[in-house]
Amino acid sequence: MTQTRRKPPAASQAPAPTIPAIPKPDVPARLAALPGLPIGELKAEWRRLFAAEPPPYNRRFLESRLAYRIQELAYGGLQRETLERLEALGEQIDGRNITLRRIRDQQRPIAGTRLIREYQGVEHVVTVTRDGYEWQGRPYRSLSAIARAITGTRWNGRVFFGIRPRRGA
Numbered sequence: 001m002t003q004t005r006r007k008p009p010a011a012s013q014a015p016a017p018t019i020p021a022i023p024k025p026d027v028p029a030r031l032a033a034l035p036g037l038p039i040g041e042l043k044a045e046w047r048r049l050f051a052a053e054p055p056p057y058n059r060r061f062l063e064s065r066l067a068y069r070i071q072e073l074a075y076g077g078l079q080r081e082t083l084e085r086l087e088a089l090g091e092q093i094d095g096r097n098i099t100l101r102r103i104r105d106q107q108r109p110i111a112g113t114r115l116i117r118e119y120q121g122v123e124h125v126v127t128v129t130r131d132g133y134e135w136q137g138r139p140y141r142s143l144s145a146i147a148r149a150i151t152g153t154r155w156n157g158r159v160f161f162g163i164r165p166r167r168g169a
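With full-length UniProt numbering as the guide, the letters of the sequence shown map in order to residues 1 to 169.
Bear in mind the hints are in silico, worked out from the structure with no lab data behind them. Glycine included, each C-beta is placed from N, C-alpha and C at the ideal position. A hint or two may mislead.
As the list claims (entries may be wrong) - Estimated spans, in silico, between C-beta atoms of each pair:
1. Pro139 to Gln79: 32 to 38 angstroms
2. Ala21 to Gln92: 30 to 36 angstroms
3. Leu37 to Gly77: 22 to 28 angstroms
4. Gly137 to Arg60: 18 to 24 angstroms
Full structure from sequences and hints, please.
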């Protein structure tokens with residue numbers, strides 16, 4: 001016997017949040033204001049512009065992603081052709097193998113990504129390369145090795161650079 005699944009009444013479904021467009025003349029002022037906002041206001045702005053909770057990443061990530069989103073809402077997002085090209089490039093890398101794509105995502109960021117961490121008042125910038133990572137002009141095979149060089153103690157590199165939150169946090 002086949003069961004049919006009933007759709008809930010339309011009235012009980014929550015409407016999708018509407019995110020208003022941003023007027024183009026407001027963009028420069030909003031971008032300039034981001035670095036001066038307290039972290040709580042940055043997170044509130046994230047909730048307004050993305051209609052979602054902010055990720056547990058550092059301030060610089062939130063600022064850069066909010067800056068992109070402000071411009072996206074004012075000027076429009078990527079064109080359909082660009083999105084299709086990016087998808088095609090991704091498929092060249094993983095051959096539409098979803099498992100491979102997930103493993104790659106979990107292992108390390110895409111080559112060219114810059115990871116920024118301030119530690120004891122010093123800003124450290126790590127660049128992700130095809131073969132590993134680069135910090136202060138030297139190649140490293142793992143983020144943990146870089147975190148150890150910076151702090152002098154053992155760290156999970158992904159936690160140290162904010163790629164993965166600490167357990168229980």
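Contradicted hints - numbers only: Every hint satisfied by this model.
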